[in-house]
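Asker: Protein chains in written order, with this note's numbering: chain Y, 46 to 477; chain E, 46 to 477.
Just so you know, the hints here were simulated from the structure itself, not pulled from any lab data. Treat the hints with care, as some may be off.
Pairs count within a copy or across copies, as identical chains cannot be separated in the list.
Claimed, not checked - Cross-link-like lysine to any residue pairs, in silico, SDA-like; alpha carbons within 25 Å at most: (1) 223 <-> 333; (2) 279 <-> 122; (3) 96 <-> 388; (4) 441 <-> 103; (5) 279 <-> 146; (6) 223 <-> 301; (7) 69 <-> 160; (8) 223 <-> 102.
Protein chains: 2
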Amino acid sequence: MRGIDMFNPATPVKTQSANTREFKGRCYLDGRTSDPSEQGWMCGSPPPVEKRVTFESDNFLEFPQLRWSLSHMRELLPTVNVWRGRGGGSHFESEDKAPEIDSLEFTDLDGCERRFDEALYETYTDGIIVMHRGRIVYERYFGALERHLPHACHSVTKSYAGTLAATLVQEGTLEETKTVGYYLPELRGTAFEDATFRQVMDMRSGVSFTVDYDDPYSGIWEFSRACGWRPRTKDLDGPRTISDYLRTMSCEGGHGEAFAYKIVDTEVMSWVMARVTGQSFAQILEERIWRPIGCEEDGYLFVDPAGMTVSGAGLSCTLRDLARFGELIRREGDWNGKQLIPATAVHDIRSGGYSKSDVSHPRELSYRSQWWVTNNEVDSFEARGLQGQRLHIAPKAEMVVARFASHPIGESSANEPITGPQILALARTLCG
Amino acid sequence: MRGIDMFNPATPVKTQSANTREFKGRCYLDGRTSDPSEQGWMCGSPPPVEKRVTFESDNFLEFPQLRWSLSHMRELLPTVNVWRGRGGGSHFESEDKAPEIDSLEFTDLDGCERRFDEALYETYTDGIIVMHRGRIVYERYFGALERHLPHACHSVTKSYAGTLAATLVQEGTLEETKTVGYYLPELRGTAFEDATFRQVMDMRSGVSFTVDYDDPYSGIWEFSRACGWRPRTKDLDGPRTISDYLRTMSCEGGHGEAFAYKIVDTEVMSWVMARVTGQSFAQILEERIWRPIGCEEDGYLFVDPAGMTVSGAGLSCTLRDLARFGELIRREGDWNGKQLIPATAVHDIRSGGYSKSDVSHPRELSYRSQWWVTNNEVDSFEARGLQGQRLHIAPKAEMVVARFASHPIGESSANEPITGPQILALARTLCG
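Please construct the entire structure, taking both the sequences and the accompanying hints into account.
Answerer: Take a look at the structure:
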């Protein structure tokens with residue numbers, strides 16, 4: 046117990062010190078000091094009021110409380126299970142390369158020289174697994190995370206959903222040129238009606254959606270309240286289910302004109318999948334991925350107040366089960382001789398979505414079927430989520446990195462200057 | 046889909062017909078017609094409004110919706126996991142006696158002749174396992190329940206908690222003659238202060254607690270709102286955590302004077318356990334029971350808004366894992382050579398709690414350490430929960446019956462006239 050008593054734990058600390066880091070002009074407790082076991086969140090029966098992380102007080106997504114929350118989401122919100130089946134967890138070969146990897150040095154995007162192990166603290170890592178040629182070569186847990194505990198995937202969830210959507214397209218169950226209105230009568234007459242399935246898969250609908258985490262009236266928070274993730278107040282009300290929220294939206298441009306990253310496209314995509322298959326996202330995920338690859342623990346998904354699963358950010362799973370999914374994708378959908386995902390679906394994802402000269406998407410990245418495609422020297426593509434969640438696949442390095450984190454800043458831009466070069470340095474080392 | 050369209054599904058049906066049963070002067074859909082798959086609860090993406098079972102609408106504990114809810118509690122409320130560990134489910138020997146058991150005939154307490162299999166529908170059974178000499182001889186699932194799905198245990202949870210309390214007493218970790226106030230400074234100056242640990246274990250505190258399921262202001266609903274199980278309204282507010290609620294209570298009699306079945310005694314008992322061990326009820330349950338007996342699925346517990354586990358009614362688990370616990374108790378705490386629960390703790394439970402001439406408790410039953418003790422011809426003792434949950438141990442018949450149900454009427458008195466004689470007939474058959 047150190048460092049916290051002088052601070053209001055729900056807000057950034059006021060002054061920079063040896064135990065803080067500055068992001069966007071604000072100071073936050075550093076990776077070691079903000080460790081939940083140091084902070085004592087939710088310790089005691091009941092925990093003292095000032096150590097509680099709760100839905101009602103709406104502090105569970107604040108830093109540093111979220112360092113506890115992201116490993117305990119089901120204790121805060123209703124969830125639906127994604128069953129692992131009866132087979133027991135599939136076996137991982139392992140070959141410990143921790144000493145070599147820990148001491149790996151690299152230069153971050155700001156020109157700072159760093160060591161691999163220290164960089165994990167700098168980026169508020171909760172857990173990391175590195176797989177090389179199908180073997181675990183590195184595995185570490187920090188903070189509130191343990192091997193058997195599911196951690197929030199945030200938008201990494203989207204890449205599970207996008208992979209399943211790409212699978213249904215390749216199988217012919219869904220046609221990517223058909224419109225949302227064709228599949229969902231409920232969205233006829235709404236902004237989504239004429240968007241094609243492919244456009245929502247690639248976040249190219251023209252639907253307007255504001256993302257400002259500091260503005261409680263922005264689209265992201267209105268959506269979150271519709272999901273049941275945020276408490277309502279008299280002033281902050283609005284639609285009470287995802288499907289009701291999606292019907293309220295309007296367009297800011299033509300469909301297909303530009304990439305705009307927005308969770309609502311993912312929810313529409315998954316809604317179409319549910320309608321066509323007659324299964325919820327949880328059921329599709331369980332049947333096509335969780336059970337066949339032998340996940341060792343159940344995963345879970347948030348459900349909205351109508352029981353709809355949230356496929357754009359709702360998954361929690363263990364780090365090892367995330368790594369298993371990464372291996373499945375690295376192996377182009379083949380799992381011990383069973384083609385669970387069509388190889389053509391993985392090839393299509395890796396091809397990237399659109400011209401990299403398109404000014405509407407991030408530099409040197411494209412987005413296809415809910416995956417970020419880098420086109421770097423090891424052909425990496427990634428699933429990314431707020432606070433530093435990441436599933437990185439580097440085919441040419443035969444490497445998968447699964448990583449959970451609880452960074453004070455949501456956007457990937459906060460940890461990317463370190464995490465990006467760190468992972469690339471690792472790929473180069475393993476290749477060499 | 047039959048039978049429901051003409052009714053308001055949230056209320057009992059108006060007129061008796063071939064598809065209804067009458068209880069307490071009201072008609073309800075019968076066991077077959079109220080099957081959730083027939084009713085279509087929560088089917089569709091999203092389910093149509095009239096088929097939704099939700100927390101917000103407060104219909105999830107109404108009949109017939111609860112036939113779906115009791116197998117899906119985590120989708121409605123926040124929960125904490127009770128991990129099964131990595132060992133995989135422990136093996137059950139089995140010997141199918143279904144034909145013999147299904148056709149078993151018995152006379153219910155109203156003098157009606159019944160068959161075993163038909164009686165399961167009459168009592169709204171969701172699942173039943175019969176074990177004899179450690180082997181599964183009968184196993185059936187109905188309605189929304191499947192082998193791998195956890196079902197609400199309701200007050201059967203209390204018997205898990207009471208067994209652990211009895212264990213801690215036998216081990217000397219807790220002293221049953223010490224008072225609640227001795228262990229919990231927070232309850233000094235409250236109605237619970239001078240009650241002994243043994244008195245709360247046996248529901249003999251003098252604390253006043255009203256249970257009227259039809260009155261939203263009664264103790265049981267105020268407690269439920271404090272747990273976060275029921276929506277709040279402007280008129281229906283009150284304490285917002287279990288521990289806050291317990292501090293508001295008053296006495297109606299002296300401690301130890303009379304038995305009065307009330308969940309608040311269980312919560313105080315578990316709070317003491319948590320304080321003394323430094324572990325939550327979920328952690329104690331996982332460490333001492335769930336993992337050692339090789340449960341095949343994780344269980345889960347409700348948590349209140351402060352993250353406290355609800356030990357009086359909060360557990361959901363699979364039917365097989367409930368049966369495992371029953372076997373552990375039938376074997377007097379021995380699990381394949383490991384004494385997980387002291388045999389003396391089980392002997393003490395079986396001895397019953399107090400004189401059966403005590404007019405304050407039900408006829409021919411006594412209550413000890415949160416178990417109902419029958420003293421019938423096969424020395425049965427039971428864990429019981431609302432809507433027909435039951436774990437029945439008949440030592441002289443070497444029999445365990447684990448049973449989940451979703452009866453329209455909460456109180457055990459509704460299904461007991463059939464279930465009691467049904468289980469006793471089974472015990473006699475297996476003995477013979």
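Asker: Would you mind marking each hint as holding or not holding in the structure?
Answerer: Evaluated hints:
1. Taking the shortest alpha-carbon separations for residue 223 and residue 333, only the intra-copy value of 24 Å comes in at or below 25 Å, while the best inter-copy value is 55 Å.
2. Proximity of residue 279 and residue 122 under a CA criterion of 25 Å is satisfied in both settings, with 21 Å inside one chain copy and 22 Å between copies.
3. With identical chains, the CA atoms of residue 96 and residue 388 are never at most 25 Å apart, being 48 Å at best within one copy and 39 Å at best between copies.
4. Neither within a single protomer nor between protomers do residue 441 and residue 103 lie at most 25 Å apart by alpha-carbon distance, with minima of 43 Å and 54 Å respectively.
5. Neither within a single protomer nor between protomers do residue 279 and residue 146 lie at most 25 Å apart by alpha-carbon distance, with minima of 52 Å and 58 Å respectively.
6. In this assembly of identical chains, residue 223 and residue 301 lie within 25 Å of each other by CA distance solely inside one copy; the values are 13 Å within and 72 Å between copies.
7. Proximity of residue 69 to residue 160 under the C-alpha cut-off of 25 Å is restricted to the intra-copy arrangement: shortest distance 24 Å within a copy versus 72 Å between copies.
8. For a Cα distance limit of 25 Å, the shortest separation of residue 223 from residue 102 qualifies neither inside one copy, at 43 Å, nor across copies, at 36 Å.
Violation of the numbered hints given earlier is confined to hints 3, 4, 5, 8; the remaining hints are satisfied by the structure.
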